[in-house]
Amino acid sequence: MVNEKVILVENLTKKFEDFTAVDHISFDVHKGEIFGFLGANGAGKTTAMRMLSGLSMPTSGKAMVAGFDVYRENEKIKRNIGYMSQKFSLYEDLTVRENIRFYAGIYGKSSHFIKEKTELVLDELHLTAEGDKLVKSLPLGWKQKLAFSVAIFHEPRIVFLDEPTGGVDPVTRREFWHMIYEAAASGITVFVTTHYMDEAEYCDRVSIMVDGRIDALDTPQQLKKTFAAISMDEVFLKLARKATRAGD
Amino acid sequence: MRTLKYLLQKEFRQIFRDPSILRLIFIMPVIQLIILPFAADYEIKNIKLAVIDHDHSSYSRNLIAKIASSGYFILTNYTGSYSEAMGKLEHDKADLILEVPVSFEKELVKESESKLFLAVNAINGVKAGLGSAYLRSIIQDYNKEVRTEWIQFPRFDPETNIAVTYSNWFNPSMNYKIFMVPGILVLLLTMVGANLTAINIVREKEIGTIEQINVTPVSKVHFILGKLIPFWILGLAVFTLGLGIARLFYGITPAGNMMTVYVFAAVYLLAVLGLGLLISTYADNQQQAMLISFFLMMIFILLGGLYTSIDSMPSWAKAITKANPVSYFIEVIRMVVLKGSGLADIKSQLLTISGFAIVLNGWAILNYHKRS
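So the sequences go chain by chain: F and H.
Heads up, the first sequence is in my numbering, so the first residue is 2 and it goes up one at a time.
Heads up, the second sequence is in my numbering, so the first residue is 177 and it goes up one at a time.
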């Protein structure tokens with residue numbers, strides 16, 4: 002089962018009245034892969050991700066996530082995925098430990114599991130001393146790392162990350178990507194959107210969305226070859242320049 | 177069940193960690209219950225009276241002294257000129273003008289009949305109406321005194337009189353506070369219940385945590401119960417506090433069974449919390465939620481039977497009060513507190529309010545979408 006496909010998407014479309022946010026996209030994601038989902042602001046990345054995680058109802062097309070249909074089995078999908086949205090979404094008025102406990106608890110994890118793994122995660126994040134501090138007192142970079150740890154705490158099969166490193170300093174970004182690699186190594190498929198082209202280079206495969214469509218999908222090496230570019234930055238610029246849609 | 181436990185634990189932690197919520201929940205009702213009933217007084221006192229006395233006789237002075245000693249009026253002006261008194265009325269320095277004509281005493285003695293003139297500032301309708309009614313009854317009383325003074329031997333009363341005597345049932349001393357305090361408590365409970373739930377959920381929408389919960393397997397019903405239960409408990413705590421104040425400050429103890437009030441309050445809270453939930457499913461931000469609940473609250477208060485009697489409303493307004501949960505609770509709490517009604521007496525109100533609870537919560541659950 003090396004090439005098991007955990008996400009299968011065929012002609013997936015989302016329309017908001019007469020505006021087509023996502024326009025017949027098709028791709029698949031393999032198990033344990035780090036799948037980069039690139040595109041300019043307003044290209045439709047977040048909408049696509051929200052459809053896959055069961056937060057948004059597709060207008061047409063097919064999609065299977067973790068073996069479940071997005072139309073009928075969206076609640077089953079939710080048991081098998083983690084999600085980290087663009088907006089920071091831990092409770093600022095709860096402590097680090099309370100946040101972990103709450104999110105792990107509502108995923109149905111046992112108290113024993115939660116207790117043991119909390120200490121492990123805090124240790125990895127070097128947050129053991131801050132465990133009983135309110136989340137709002139942490140710096141942004143730490144919050145983002147904590148949010149990622151919370152998103153994969155219940156050991157999902159896939160984790161969706163929507164611009165997880167926005168506004169984070171380069172050192173923390175590097176640490177963040179280290180965590181992403183570790184998660185992928187443990188078998189979690191990572192579906193990540195980003196604006197940083199150096200981060201795109203870290204992905205196993207990258208898709209680039211322009212005006213709601215996927216215009217390119219391949220490994221970073223292959224994309225550079227195809228578009229005769231020296232960096233992902235150049236590839237992105239060549240594609241994104243064609244966009245007619247205004248960014249948000 | 178375990179999911180619910182985690183949801184409740186989180187909610188209580190947040191509530192008890194936020195001092196402003198606690199302040200809002202407990203200090204606001206206490207202060208309002210202590211201050212409002214004293215201010216929201218049905219009795220009209222301190223009516224400013226200007227007297228134009230053209231007569232300056234002993235009869236006119238007696239009449240004026242009698243009016244001034246009634247306690248309802250403040251004699252602000254005593255003059256001989258109509259235009260001066262009218263000026264006072266125009267400048268809001270007088271609510272009523274009483275004009276005693278030149279030959280008041282003379283005509284009274286000679287013709288056994290005299291006239292008085294009353295001018296009323298009707299900008300404040302209640303004050304004008306009650307003020308002139310008080311004044312009329314004082315004058316009538318005075319009239320009777322004069323007559324008994326003159327007709328020494330009333331063997332047969334030449335006029336047939338129907339004397340009406342009153343007996344005020346259920347609130348013998350007509351203490352308006354017994355009437356107002358339970359009603360104000362109902363309003364407080366409504367505001368605390370509907371506002372807090374609506375704002376709490378909308379705030380999660382604004383911060384984005386609701387989306388994080390929507391992406392978990394937590395069911396709609398669990399999520400909503402996780403919000404309802406803590407505020408239901410808080411609401412009952414506020415209610416208990418309010419009843420305590422009513423007893424401590426106003427000596428109001430329900431004539432009926434306390435349990436009856438609690439049973440109704442428990443169901444009523446579910447309805448009000450359901451309304452809060454419903455508002456939160458329609459509002460995108462806290463301002464919207466506040467505006468919607470203020471709008472509803474105004475209607476609830478004015479058409480709730482607290483300040484105005486529902487029985488004297490026009491039929492279309494009466495129809496609106498049927499859709500107003502507040503009116504049922506005000507009715508019930510007055511029935512239990514003043515009359516001692518039991519569960520059997522409030523059955524129809526209890527059933528109606530259960531209907532409200534089911535419809536509002538059901539609607540909120542239907543309108544809450546985990547997926548857009």
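Calculated from the structure, these hints are not laboratory results.
Even for Gly, the Cβ is constructed at its ideal location relative to N, Cα and C.
Heads up, a few of these hints could be off.
To be verified - Label-pair distances were calculated between CB atoms; the ranges are:
hint : chain 1 : residue 1 : chain 2 : residue 2 : range
1    : H       : 181       : F       : 25        : 25 to 33 Å
2    : F       : 226       : H       : 181       : 26 to 34 Å
3    : H       : 458       : F       : 172       : 41 to 49 Å
4    : H       : 541       : F       : 63        : 28 to 36 Å
5    : F       : 112       : H       : 489       : 51 to 59 Å
6    : H       : 207       : F       : 94        : 21 to 29 Å
7    : F       : 112       : H       : 382       : 28 to 36 Å
8    : H       : 200       : F       : 25        : 46 to 54 Å
9    : H       : 528       : F       : 21        : 45 to 53 Å
10   : F       : 112       : H       : 433       : 36 to 44 Å
11   : F       : 6         : H       : 470       : 50 to 58 Å
Now the hints, each set against the structure:
1. Take residue 181 of chain H and residue 25 of chain F: their Cβ atoms lie about 44 Å apart, and the range 25 to 33 Å is violated.
2. With their beta carbons about 55 Å apart, residue 226 of chain F and residue 181 of chain H fall outside the hinted range of 26 to 34 Å.
3. For residue 458 of chain H and residue 172 of chain F, the hinted distance range of 41 to 49 Å is satisfied, since their beta carbons lie about 44 Å from each other.
4. For residue 541 of chain H and residue 63 of chain F, the Cβ-Cβ distance of about 30 Å falls inside the hinted range of 28 to 36 Å, so the restraint holds.
5. Residue 112 of chain F and residue 489 of chain H have their C-beta atoms about 57 Å apart, which keeps the hinted 51 to 59 Å range intact.
6. Between residue 207 of chain H and residue 94 of chain F, the C-beta spacing of about 26 Å keeps the proposed range 21 to 29 Å intact.
7. Separated by about 31 Å at the C-beta atoms, residue 112 of chain F and residue 382 of chain H satisfy the suggested range of 28 to 36 Å.
8. Checked against the hint of 46 to 54 Å, the C-beta distance between residue 200 of chain H and residue 25 of chain F comes to roughly 51 Å, which is consistent with it.
9. For residue 528 of chain H paired with residue 21 of chain F, a C-beta distance near 48 Å keeps the hint of 45 to 53 Å intact.
10. Range check, residue 112 of chain F to residue 433 of chain H: Cβ separation about 42 Å, and the 36 to 44 Å hint holds.
11. Taking the beta carbon of each, residue 6 of chain F and residue 470 of chain H are about 53 Å apart, inside 50 to 58 Å as hinted.
When held up to the earlier numbered hints, the structure conflicts with 1 and 2 and fits the remainder.
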